[in-house]
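Student: Residue numbers (the working numbering), protein chains in the order written: chain A, 1 to 134; chain C, 135 to 268; chain P, 269 to 402; chain G, 403 to 536.
Hints were generated in silico from the structure; no laboratory data involved. The beta-carbon is built from N, C-alpha and C at its ideal position, and this holds for glycine as well. Errors might be hidden in some of the hints.
The following label-pair restraints were derived from C-beta to C-beta distances [claimed, not checked]:
| # | chain 1 | residue 1 | chain 2 | residue 2 | range |
| --- | --- | --- | --- | --- | --- |
| 1 | A | ARG116 | C | TRP203 | 43 to 53 Å |
| 2 | P | PRO341 | A | ARG116 | 17 to 27 Å |
| 3 | G | SER483 | C | TRP203 | 30 to 40 Å |
| 4 | G | LEU534 | A | GLY46 | 46 to 56 Å |
| 5 | P | VAL273 | A | TRP69 | 44 to 54 Å |
| 6 | A | PRO71 | G | VAL457 | 19 to 29 Å |
| 7 | A | TRP69 | C | ASP230 | 34 to 44 Å |
| 8 | C | ILE217 | A | HIS7 | 35 to 45 Å |
| 9 | P | ALA270 | G | LYS450 | 32 to 42 Å |
| 10 | P | ARG387 | C | GLY264 | 55 to 65 Å |
| 11 | C | ILE217 | G | GLU524 | 18 to 28 Å |
| 12 | A | GLU52 | P | ALA354 | 33 to 43 Å |
| 13 | C | GLN177 | A | ALA2 | 45 to 55 Å |
| 14 | P | ARG386 | G | VAL501 | 22 to 32 Å |
Number of protein chains: 4
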Amino acid sequence: MARHVYHATLRWSDMDAYQHINNVQYLRLLEEARVDMMFTLGQREGAKTLSEGVVIARHEIDYVRPMVWRPEPVRIETWVSKIGAARFTLGYEILDETVYARASSVLVPYSLDEQRPRRLNEDERRYLEGFLES
Amino acid sequence: MARHVYHATLRWSDMDAYQHINNVQYLRLLEEARVDMMFTLGQREGAKTLSEGVVIARHEIDYVRPMVWRPEPVRIETWVSKIGAARFTLGYEILDETVYARASSVLVPYSLDEQRPRRLNEDERRYLEGFLES
Amino acid sequence: MARHVYHATLRWSDMDAYQHINNVQYLRLLEEARVDMMFTLGQREGAKTLSEGVVIARHEIDYVRPMVWRPEPVRIETWVSKIGAARFTLGYEILDETVYARASSVLVPYSLDEQRPRRLNEDERRYLEGFLES
Amino acid sequence: MARHVYHATLRWSDMDAYQHINNVQYLRLLEEARVDMMFTLGQREGAKTLSEGVVIARHEIDYVRPMVWRPEPVRIETWVSKIGAARFTLGYEILDETVYARASSVLVPYSLDEQRPRRLNEDERRYLEGFLES
Numbered sequence: 001m002a003r004h005v006y007h008a009t010l011r012w013s014d015m016d017a018y019q020h021i022n023n024v025q026y027l028r029l030l031e032e033a034r035v036d037m038m039f040t041l042g043q044r045e046g047a048k049t050l051s052e053g054v055v056i057a058r059h060e061i062d063y064v065r066p067m068v069w070r071p072e073p074v075r076i077e078t079w080v081s082k083i084g085a086a087r088f089t090l091g092y093e094i095l096d097e098t099v100y101a102r103a104s105s106v107l108v109p110y111s112l113d114e115q116r117p118r119r120l121n122e123d124e125r126r127y128l129e130g131f132l133e134s
Numbered sequence: 135m136a137r138h139v140y141h142a143t144l145r146w147s148d149m150d151a152y153q154h155i156n157n158v159q160y161l162r163l164l165e166e167a168r169v170d171m172m173f174t175l176g177q178r179e180g181a182k183t184l185s186e187g188v189v190i191a192r193h194e195i196d197y198v199r200p201m202v203w204r205p206e207p208v209r210i211e212t213w214v215s216k217i218g219a220a221r222f223t224l225g226y227e228i229l230d231e232t233v234y235a236r237a238s239s240v241l242v243p244y245s246l247d248e249q250r251p252r253r254l255n256e257d258e259r260r261y262l263e264g265f266l267e268s
Numbered sequence: 269m270a271r272h273v274y275h276a277t278l279r280w281s282d283m284d285a286y287q288h289i290n291n292v293q294y295l296r297l298l299e300e301a302r303v304d305m306m307f308t309l310g311q312r313e314g315a316k317t318l319s320e321g322v323v324i325a326r327h328e329i330d331y332v333r334p335m336v337w338r339p340e341p342v343r344i345e346t347w348v349s350k351i352g353a354a355r356f357t358l359g360y361e362i363l364d365e366t367v368y369a370r371a372s373s374v375l376v377p378y379s380l381d382e383q384r385p386r387r388l389n390e391d392e393r394r395y396l397e398g399f400l401e402s
Numbered sequence: 403m404a405r406h407v408y409h410a411t412l413r414w415s416d417m418d419a420y421q422h423i424n425n426v427q428y429l430r431l432l433e434e435a436r437v438d439m440m441f442t443l444g445q446r447e448g449a450k451t452l453s454e455g456v457v458i459a460r461h462e463i464d465y466v467r468p469m470v471w472r473p474e475p476v477r478i479e480t481w482v483s484k485i486g487a488a489r490f491t492l493g494y495e496i497l498d499e500t501v502y503a504r505a506s507s508v509l510v511p512y513s514l515d516e517q518r519p520r521r522l523n524e525d526e527r528r529y530l531e532g533f534l535e536s
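With these hints in hand, go ahead and build the complete structure from the sequences.
Tutor: Written as structure tokens, this is what we have:
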């Protein structure tokens, strides 16, 4: 029941003309955390199929505090807030000593062969339950 | 009471390794529509101050259908769904014959001089009311 | 013997923290011009295979003048400066009344089936010769 | 006389629809290495002014081998190949066991106050000479 932790490197170009990390780039950083959780770690821990096709159905993000570029990475904590038959929800926080943003995403496993959404399999469910927080 | 219409050019690089327009890039396209509504049109119609500092407080987006790259632009309709004292909410649809995504953003006018949120002024309110849909 | 002309839309986010169009984004704009020349126009004019795999071997770019974001598109002129057996060179200028950058790219046709570089075919050569400038 | 070494994190989104790291993103990675060398390290070692305004005059890049996304960072080695009165040239290699690309950039110190190019000062010259390779 632990959160997944990813240290995301900011790029200088993530800043926009206002000299803050651009709001859209926050979602880019969340993508990196999600890729680490779904692909890199998921593959190692027996839920390989999560890396073969998961579609984003929805994002929500609340910007708490502006973020400025710095060479040190920022911490992204990710957890699972809901597991359904054919979808699941991730929660995220971008933070260091302070929280920069809170977000959530609804994800749908997708069969590339059949080109349509599919149900979660047992391995995936077990893997996701390890991050479940309610 | 008309929606703001912007025709957004897709870039080939908006596609990701799955050969669809990447989900984060949808928000990049919405940014372009918003910039057109706030900066370009806003300046012309007497609400100049909207281009001098508006902060994003929240985004929500529902992905309805995958979008593939094509040379023709995609249509983005934007409207105002709520006007408060010191914040307002935009609604959006990305579409052509079909809807690809629906989204909304909460925006907060920001004083660059005082480095803090500020109330909407009368010109801004009048401008935004022209796009109000409830 | 005409140059290919593409009108590239700048995105607000192409600016970096210095409030100029970021130098890397110039190459993103050139990619759009090249995609239009190779994919969109190439397909229409019988050189379809150019859109099925061309690899970049080299880029050179000289920055002549800083570019700031504006809603109006910028003009990109592209021509062919050299045609070899298995590679060709494009020249580009980004401009309106003034030139912002001059660039060139070496491109190599690539066989996706055989996963290796291949020679230009007759249709491709004929298509490229229409843009040849020496 | 040592090369500057930066370990650049690839982002999943650096891949394009061909499932390789997009050629333009190589220059984004070089930007990160340069920012580390000019801003982060430069500030620490007494050449602060390099972080206050350096303009890119030219890039050249040769793509040696396609790069695919992986969670491990890629190594970027940067050195100084030429120092002039008012410009200097960086050389780069992107590599791990194999070289993915070789590149060079011409940079021009820029006075933000006077809005024009300026000469290198002594601290900058000394700092850059530490990376000089001929």
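Student: Against each hint, give a clear statement of whether it holds in the structure.
Tutor: Outcome of the hint check:
1. For A/ARG116 and C/TRP203, the Cβ-Cβ distance of about 22 Å falls outside the hinted range of 43 to 53 Å, so the restraint is violated.
2. Our hint of 17 to 27 Å for P/PRO341 and A/ARG116 is violated, since their Cβ atoms are close to 38 Å apart.
3. In this structure, G/SER483 and C/TRP203 meet the distance hint of 30 to 40 Å, their C-beta atoms being roughly 38 Å apart.
4. The given range of 46 to 56 Å is respected by G/LEU534 and A/GLY46, whose C-beta atoms sit roughly 51 Å from each other.
5. Distance hint for P/VAL273 and A/TRP69: a CB-CB separation of about 37 Å, inconsistent with the stated range 44 to 54 Å.
6. Between A/PRO71 and G/VAL457, the C-beta spacing of about 22 Å keeps the proposed range 19 to 29 Å intact.
7. For A/TRP69 paired with C/ASP230, a C-beta distance near 37 Å keeps the hint of 34 to 44 Å intact.
8. Distance hint check: the CB atoms of C/ILE217 and A/HIS7 are about 40 Å apart, consistent with the given range 35 to 45 Å.
9. For the pair P/ALA270 and G/LYS450, the beta carbons lie near 50 Å from each other, so the given range of 32 to 42 Å is not met.
10. Against the hinted window of 55 to 65 Å, the Cβ-Cβ separation of P/ARG387 and C/GLY264 comes to about 59 Å, which satisfies the hint.
11. The hint said 18 to 28 Å for the Cβ distance between C/ILE217 and G/GLU524, and at roughly 57 Å that hint is violated.
12. The supplied range of 33 to 43 Å is met by A/GLU52 and P/ALA354, whose beta-carbon atoms lie about 35 Å from each other.
13. Evaluation of the 45 to 55 Å hint for C/GLN177 and A/ALA2 yields a pass: the beta carbon distance comes to about 50 Å.
14. The hinted range of 22 to 32 Å is satisfied by P/ARG386 and G/VAL501, whose Cβ atoms lie roughly 23 Å apart.
The earlier numbered hints that this structure contradicts are 1, 2, 5, 9 and 11.
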